[in-house]
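Use the sequences and the hints to build the structure in full.
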Amino acid sequence: MISLTEAYVDSLAPNAGAIKNGRDLARKGSFPLRCVTEDQKLLFGECKGSGKEPYRCSIDFVQEGNPVYRCTCPSRQFPCKHTLGLMYAYVSSSSTFETADIPSDVADKRDKAEKREEKKAAAEKEGAPKAPRKVNKSALVKKITSQLEGLSILEKLVLQLVHHGLGSVDKKTIQLIEEQAKQLGNYYIPGAQAALRELLLLLRNDDEREAIYTSAIEQLIYLQALVKKSKAYLEKRAEDPDSPMETDSALEELLGHAWQLAELQELGRTRSNVELLQLSFLSYADHARGEFVDTGWWIDLADGTIRVTRHMRPFRAAKQMKEEDSFFAVVQTDELFVYPGELNARVRWEQSRFRELEEADYRKVKQLAAASYPDVIKKVKNQIKNPLSDKMPVALVAFQAIERIGDTYILRDAQNKQIPLVTNLLEAPHQPTAILELLQPEELQEQTALIAFRHELDSNRLVAQLMSITTDRRIVRLLY
Amino acid sequence: MSVELLQDLQHEVRRLFIAGSALAQGDVRLAKLQPQLKKLGEAAPVFNRIAEASDAVLNASREDSAVKLLELSKLLSAVLHTQGKTETAGDRQPIPSLGIALSTDVPYRRLKPLLEQLTTKGQGRLEQLRHSILDNSYLDLRAMPVMCSALDETYPEIADLIAETIATGYGQKAVSVLQEQINLQGGKGDVRRLKLLHRLIGDSAEELVLDAAVNGAVDIKVAAIEMLSKRPQHEMLLLELSRDKRKEVRQAALDTLASIGTKEALDRLQEALSSKDRELAIEPIRRANSTALLGRIIAQAERSFDQFAAAEGKERSKLAEQLHAELLCLHGSGSELIGAGPSWKRHVTVSPASVHIAEDVIALLRRMLTTPGFFASETEVLQENAAELLLSLNTEEANRFLLSLDAVMNTCMAGYLFRAGYRLLTPTELFDRFSGVLANPSSIASKEIIRAVSLITQEQLSAVEEDEDLIVPANSWDSRWVHTWVQADSLELVLLFTQTEDAQVTTYLTSKLTKNARLHDSSIQRILITLFRIRYTDAPQLLFQLMEARSFYYMDAPLRKLIASVPRSYIPRLRAIAEKHPYNANELTALADAMEAAPAEIIEESGTA
Chain U
1 MISLTEAYVD SLAPNAGAIK NGRDLARKGS FPLRCVTEDQ KLLFGECKGS GKEPYRCSID
61 FVQEGNPVYR CTCPSRQFPC KHTLGLMYAY VSSSSTFETA DIPSDVADKR DKAEKREEKK
121 AAAEKEGAPK APRKVNKSAL VKKITSQLEG LSILEKLVLQ LVHHGLGSVD KKTIQLIEEQ
181 AKQLGNYYIP GAQAALRELL LLLRNDDERE AIYTSAIEQL IYLQALVKKS KAYLEKRAED
241 PDSPMETDSA LEELLGHAWQ LAELQELGRT RSNVELLQLS FLSYADHARG EFVDTGWWID
301 LADGTIRVTR HMRPFRAAKQ MKEEDSFFAV VQTDELFVYP GELNARVRWE QSRFRELEEA
361 DYRKVKQLAA ASYPDVIKKV KNQIKNPLSD KMPVALVAFQ AIERIGDTYI LRDAQNKQIP
421 LVTNLLEAPH QPTAILELLQ PEELQEQTAL IAFRHELDSN RLVAQLMSIT TDRRIVRLLY
Chain Z
1001 MSVELLQDLQ HEVRRLFIAG SALAQGDVRL AKLQPQLKKL GEAAPVFNRI AEASDAVLNA
1061 SREDSAVKLL ELSKLLSAVL HTQGKTETAG DRQPIPSLGI ALSTDVPYRR LKPLLEQLTT
1121 KGQGRLEQLR HSILDNSYLD LRAMPVMCSA LDETYPEIAD LIAETIATGY GQKAVSVLQE
1181 QINLQGGKGD VRRLKLLHRL IGDSAEELVL DAAVNGAVDI KVAAIEMLSK RPQHEMLLLE
1241 LSRDKRKEVR QAALDTLASI GTKEALDRLQ EALSSKDREL AIEPIRRANS TALLGRIIAQ
1301 AERSFDQFAA AEGKERSKLA EQLHAELLCL HGSGSELIGA GPSWKRHVTV SPASVHIAED
1361 VIALLRRMLT TPGFFASETE VLQENAAELL LSLNTEEANR FLLSLDAVMN TCMAGYLFRA
1421 GYRLLTPTEL FDRFSGVLAN PSSIASKEII RAVSLITQEQ LSAVEEDEDL IVPANSWDSR
1481 WVHTWVQADS LELVLLFTQT EDAQVTTYLT SKLTKNARLH DSSIQRILIT LFRIRYTDAP
1541 QLLFQLMEAR SFYYMDAPLR KLIASVPRSY IPRLRAIAEK HPYNANELTA LADAMEAAPA
1601 EIIEESGTA
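Chains as they are written, first to last, in the working numbering: chain U, 1 to 480; chain Z, 1001 to 1609.
Hints in this document: simulated from the structure, not taken from any laboratory.
Just so you know, nobody snuck in bad clues.
Incomplete in silico selection of chain U near chain Z, CB under 8 Å: (1) D10; (2) A16; (3) G165; (4) K381; (5) T408; (6) H430.
Just so it is clear, CB atoms sit at the ideal spot from N, CA and C, and this is done for glycine as well.
Following this line, the structure appears as C-alpha cells:
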C-alpha cells in the first residue's frame, strides 16, 4: 500500500531540476512499461533513455518512509529522474500501471538487504550494549593545543584591529586578515575561521563603511568573546581530557565541531516519539562559510518548542547534494537528535514517517503559542545579551491583531503589548508586509505567528520579522 | 534617562573603535560620562560595572587598551541588548485586508526559481517561466504581487506571457494588486496593467480608463483611448483629445472617433483631413466607412480640384497634397464587383458604401483626368493615385475609363492602363494593344508595363506549390509575349512565360549560361530547370559543362533534382566529377548509383539521349 502524492514525490527529489526532468518524463509518456506488485509495495518499469537499452528502474516501499530507489542509468543524482518520473506517472491519473510479479533481481536484492538487517540486529543483540566510543587522548590533547594556538592568533589579530581602529582598515589590512583567516584553517577551528571571514566580508564592503561599523564592532566583540570562552574551556579540557564536551551552550559548534549523531546519542541528547511540523523554511547562501544553508523551523507538537533543521551544502558540492524544501506534512520520528543550543536548538532525524496535516494540528499550534509578550521578550533578551548566543531567536507567539502605527507594523497581544515588525532580518520572497494586505481580514486577528527577533542597536529597539501565520485552517508562509 | 546615557556611552565607544583604542587613554568625551555613570551605579550595580570598565579604558596603557575597550563594549552591548524597546508610539490602525483566496503552499524549490525568473534578467527565462506556469507554481499568494510587478519586463514575450497568465490564472484575484500597482505616468508595464484591468473588470474600470485618457503618460493615454472605442458617450472627451499636443494621442483619438461614428465625430475627421493632421485622418476615415462622410469628402475633393486647377506656384503644390490625401480616403470605398467577367482576376472585398459613391468617385476622377493640362510631371503622384483608385473601384466603368486614356499611354500611366486592359481584354487583344509600347524597352512606359505584368503574374503564381513549375497559365496570356520579354531582356518574365521549346528563347537563355555562371545562383538554376522543362536537347550537356567548369561546395535540392534528370549516358561523367569534388563525392556517387539502379524507362522519359 503506497499512498503517494505529487507533493511527496517532489519532496523526494534532490533538487528543482530533478523535479522538472522527472515530471517531463512522466508527461511525455517515456515509460513504455509501468508495473506495480500486488501488495503495492514495489513500482517498477522501463524508461526510454539515450542508450540502446531502456533503463530499468524501481522504487521499493518495503520499509515505510524509507523507499529504496534502483535504476540502471548511470546518473549520479539520487534518486534519478527516471525513478522520480515513474513515481510521478504513478501519481498522475492519466497513466495506468499493470499488476505484475516482483522481478527476480529486485527480489534478490530485497533478500540480501533483509539478511543484512538480520545480521545487524543479531550483532547488536550479542554485543549490546554498544561499547562507548574510545577517545584517543593524546590525539585529543594535541588537537586542543593546536586549537588554542589558532585562537591565540585570532585574538592577536582582533586586538590589533581594535588597537588601530576600524577607520584605519585599508586594502593592506584586509589582505592581512585574509591571509590570517586562511592560516586559521590549520588549527581545527573552522567555526572561528568563518566568524573572521564574516568580519572580512563586512570590511570589504567599501561603499557603506559608516553603515557597517556597528555590525563590525559587534563581530569583533563576538570574536573576542569566542576566543576568551573557548580558551578557558579548551584549557580545562587539555588538563583533563576525560571531562565531557560542552553541551550547555553551542560553543563546540561555534568553534566548528560537527556533531555526530552517535555523539549526541552518547550524550543522551535524543527525544523519542516526536512529531514535528514545519512552520517556515528558508535557504540562503552563507558566503563566509561558502555554503548554502537550507533552514527549516519546526514546532514540536508535544510541547511547542521551536526546533531548527540546518542542511549545509558547500557551494562546490551543491549540485550533488539534496536541496531541502518546504515540507507540508507532519514528520513523525522515533528518535530525534538535539544539538546543544538555546531557544531554538538544531535537530536531526534519520528515520521518519509522515502524516497529513489535520485541523487539530492547527489548533494545537495555536494553543502552544506564547500568549504574553513580556515573557517571550524576557527570554529573548536573556539569550541575546550573551555575545556568543544566536542573535536571532525564533519564537511562536499568539497575537490579538497585526496592526499599523504610522509606517510601522506591529504585533499586539491580549494585554496590548507590542512587538514591532521589520522586513530586513530574513530574506523573504517579497515585501512581507505587502502580503499581509492580501490576507483574509480574520487572519490578522487572534492568530499565531512565528517570528524571528533581533535587537536593533542603532534604534535601540527589539524588532521581529514575521515568518508565518498559523490560523485555524492553514499556515500562511511568509518565507517559503 | 539611564538608557540615553548608555547610548551616549555606546556612541563614544563606537567612535573609539573607529579611531582605534590606542587613542582611548584619557579620552575627554568618555571621561565626561564617568560621573553620571558612577552616580547611577549607586542605585544599580550594573552601572557600577560599566563605570569600572569605562575607567579601565581611560586608564589603560596603549598595549592594554584593546582588551579594555572590548570588555567595556561587550558589557555595554549585553546591557543594551536587554534594553530594546518594543512599544511604538502612536495610534494603532487596522491593516486593510483584501482577502485574496490563494494559498502559500508552493514549496521553496518551485517558488524560488519562479520569483528569480520574474525579478532578474538573462537568457532562457521564457522557457523556465513557461514551465513554472505549466506546473502552477505561480498560483501562490507570494508570487502574485511579483507576477504583477513583472509586467514591467522589457522583453515583450515574457511580459505578454505574464499578462495572459494573470488574466486567466488569477483573474479577479489580481485586480486589487493591479489597481494598487498601476501608475498612470508609467511605461509599458502600466499599459499592460490598464489593459488587464479593463479586461478583468470591464465597465468598472471606466473611471480609471477616463483618468488615464486625460492624465496618463502618452502610451497609457493611447491605450486608454483605444478602450473608449464604440462608446459614443465619451465623444466630447475624444474630440478634445483629438487636439492633444502629442501626435500619437491625436491619432488614437481619431481612430476611436471613427469607431463611434457620430455626426460630431465624422465632422471632426473631415476637419482633421483639412488640417496638419491630414495624414492621421486618412486611415480613420476609411475605417469609419460612412457613406455620408465619403460623399462630403468627394465634394471636398471636387472643390480642392477646382482650386488646384486655378492656383499656381506653391499654393498649387499645397493643394495637390490636400487633394492627394482626399483621394487616399476614397481608396477601398464603394468597391463592388460590378459585371465581373471571367478575366477579372482581382478579388475585391465588397464594402457597404454604395454604388453611387463609386459613380461619384469615377465622375470626380473623370473630370480630373480629362482636364486639359492635368497630365504634367508635377501631378505624377496625383495621377497614379487616381489610377490606383480607379483600379481599386474595379467597376467596369472605372476600368473602361482608365483604358480609354490612350493619350497617356507613353507615360508612367502605362502600367495602370495595362492592368485595366488585362481585366477587360482577351489575351490576344491585350497583346495587340500593348506590345507596341514595348518596342522601346528602355522607355518609362515599357518599364511600367513590365512592372504591371510582374504584379499580375505574382498574383497568379501566389498559389503555386513549391515543387510545381513556376509558369504562367497558358490560357491567360498570348504566346507571343515571351518574345517581347526576350527583346526587353527581362529574364524573370521570359522564364515565367516560356511554355515550349523555341529557338529564340533557347538562344536567349543559353546565352546567359556563360563561363562565369554559378551553379548556386538561383536564376542560373531556374534557367537550367526551364531548359529541362521544355526538353531542350543540350540541357544536360550545359549542366555538366557548368559542373565541370567550376568546383562547387555543397548540393542543394534544385541541383540534386537537375542532376537526377540527366540521361544515363552521363553517369560516367557524373562519377568523374564525384572523384574531383571531395566535398560532395559521397552524395554524387550515391546519386549515380541511384540512377544506375533506376528502371531504364524513367531515365529515358526525362532525357532525350
